[in-house]
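*Asks:* Listed here are the chains, written in short residue letters.
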Amino acid sequence: MYRGRLERDLGLWVEKGLIARPVADGLLKELDSRESSFSVGQFLVILAAVLISAAILMLVASNWEAIPRLVRVGTLVGLIWVFHGAAALLLARGRNGLAAASLIMGTMTFGGAMSLIGQMYHLSGDASDMMMAWFAAAAFSAAAFRSGALAAITGFLAWGYFISLGSDFDFDWNLLPALVVPAMALGVMGLVYYTKAGKVRHPAYLLMLAWLVWYYVSHDSVPTAILLAIVGAVGFLLSGLPQSPLYPAAKRAGAAPAFYTCLLCMIGLGLLHIEYDESMGRLVVGVLTMIAAVTSIAVCGRDNGVVRYLGYIAFAGEILYLSSMTVGSIIGTSGLFLVSGLVVGFTAWAVIQLEKRLAGRAAEVKA
Amino acid sequence: MTRFSRILLAALAVCVLQTGILGYIIGSRAAILRSGTEILLKTAPVDPRDLLRGDYVVLNYEASIVPGSAIVGPQPKEAEKAVLWVRLAKGADEFWTVREASFERLEPTDGNVVLKTLPFQFYPPYSDSGLQVQYGIERFYVPEGEGKALEQARNEQALTIAARVSSGGKAQIRSLLMDGKPVYDEPLY
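If you read the protein sequences in the order shown, they are chains A and B.
Just so you know, we're using our numbering here: the first sequence kicks off at 1 and counts up by one.
Just so you know, we're using our numbering here: the second sequence kicks off at 1 and counts up by one.
Among the clues, some could well be false.
[What the hints assert, rightly or not] Derived DEER-like restraints, expressed as beta-carbon distance ranges:
no.: 1; chain 1: B; residue 1: R3; chain 2: A; residue 2: K199; range: 22 to 32 Å
no.: 2; chain 1: B; residue 1: L12; chain 2: A; residue 2: L206; range: 32 to 42 Å
no.: 3; chain 1: B; residue 1: P45; chain 2: A; residue 2: L206; range: 40 to 50 Å
no.: 4; chain 1: A; residue 1: L320; chain 2: B; residue 2: P76; range: 43 to 53 Å
Because the hints were derived from the structure by calculation, they are not lab data.
Note that beta-carbon positions come from the ideal geometry of N, C-alpha and C, so glycine has one too.
Turn these sequences into a full structure, and let the hints guide you.
*Replies:* In structure tokens:
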């Protein structure tokens, strides 16, 4: 991804005589030497660890009688010690990739051991409790070893807990689980920050969004949707406007803060579309959405690719929606296609104008 | 502390914590099996009938329905996550049946046990037909491929469960009987 683009651009700059070949080679070498850079070998080690973990979980699920169950429990507990011990030794020798794989297998084995015990004693109906214990153990381990790989696992386990709420309680809004889900999301964000594993923060952000939508579904809908839109908009402006006190911190975190707050705002506005589907309300919500889309492009469109696409999609979607609902019902279906065509053409023109302005601003900055 | 001993300490802490959690679950379950009060429960057919989830049989009991007439004491006024305390006593035919139930804690007395249900979403008020509840003993894990026969027996109502109940109201399956004969006896560990 980034490396491929960078290599191509560097080649272009060398060709144009902007930089010398040794400089380009040096830049690429520096990128590859970073610990966070992608390595195929490393990636395969993690994949192997996930496969072996899955094998352990499946062996448990098969309830294989050839091995007495006490031996099965004993083996799994033994494996937990072996995997964590091996991780410690590997970390001490600087073999960080293998250590991460070993830690993943240790945490997965713990989950397998818990489901084995659930099977031994025929426990039923408490999948969410089990997921919570698994998450807690994984989070503790991630913090103790300062492991980014385990921080990623906690992100998925937090999602596992959220999904198990569906099977245990049909997603009924209850105080304890409703507090645990955002606490887990914040915990994962904390671990991601502490372990410097920025790449794996997205499950936590998405869980936060899912939690907010869950809140909307189980509560008074209109005020909640308005609240989501406002919180999203305020968060977006705080992370996207250079004047904001949070701007430097958000900028360091990359494209994510502005994107997810923008997405939250759009989700809130999208939900309002369901609430207000009569002519006036629809018009107001529609205009607000278009304003939000244009604002998001204007504020972050130049530096933040994902926000730009989100803004474009929201803007174009809104215009298509409005033209099919309000205008369509007035002048009939035949006229709808003509109007939609004109509207989409206008959209294209407006977007091109915006892009030109962005390019112009970039040129000014360079000059 | 050197970096190596710090890492070793982390590994030790993680292993002790995880082993401790596993040991706690095993210990609490074995304690119920060892010293709980034994009860015999009749199973009821499950709808849909074919609900073998690969590795366990879904169980449903006659005691899983608590009739409205058996519920005593106040009920929650708003919809909320609630638990029922259900008093069971032995009937004429050796099987234990629901005698009374309450949203507030009941204490077992001589000759009966009190089971605490799993939390469920309660929408007041309850009707005479009663409430469907779960006790956390609704699964029986079997080795792969052995579930079909049990499932059929369950649907013919030939399956009974012997369970043990702790003083705190937790139930633990001890034995599974087909036509009155034990098929699976559960060891403590």
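*Asks:* Evaluate each hint against the coordinates.
*Replies:* Cross-check of the supplied hints:
{"no.": "1", "hint": "B:R3 - A:K199: 22 to 32 Å", "result": "holds (25 Å)"}
{"no.": "2", "hint": "B:L12 - A:L206: 32 to 42 Å", "result": "holds (34 Å)"}
{"no.": "3", "hint": "B:P45 - A:L206: 40 to 50 Å", "result": "holds (41 Å)"}
{"no.": "4", "hint": "A:L320 - B:P76: 43 to 53 Å", "result": "holds (47 Å)"}
When held up to the earlier numbered hints, the structure conflicts with none and fits them all.
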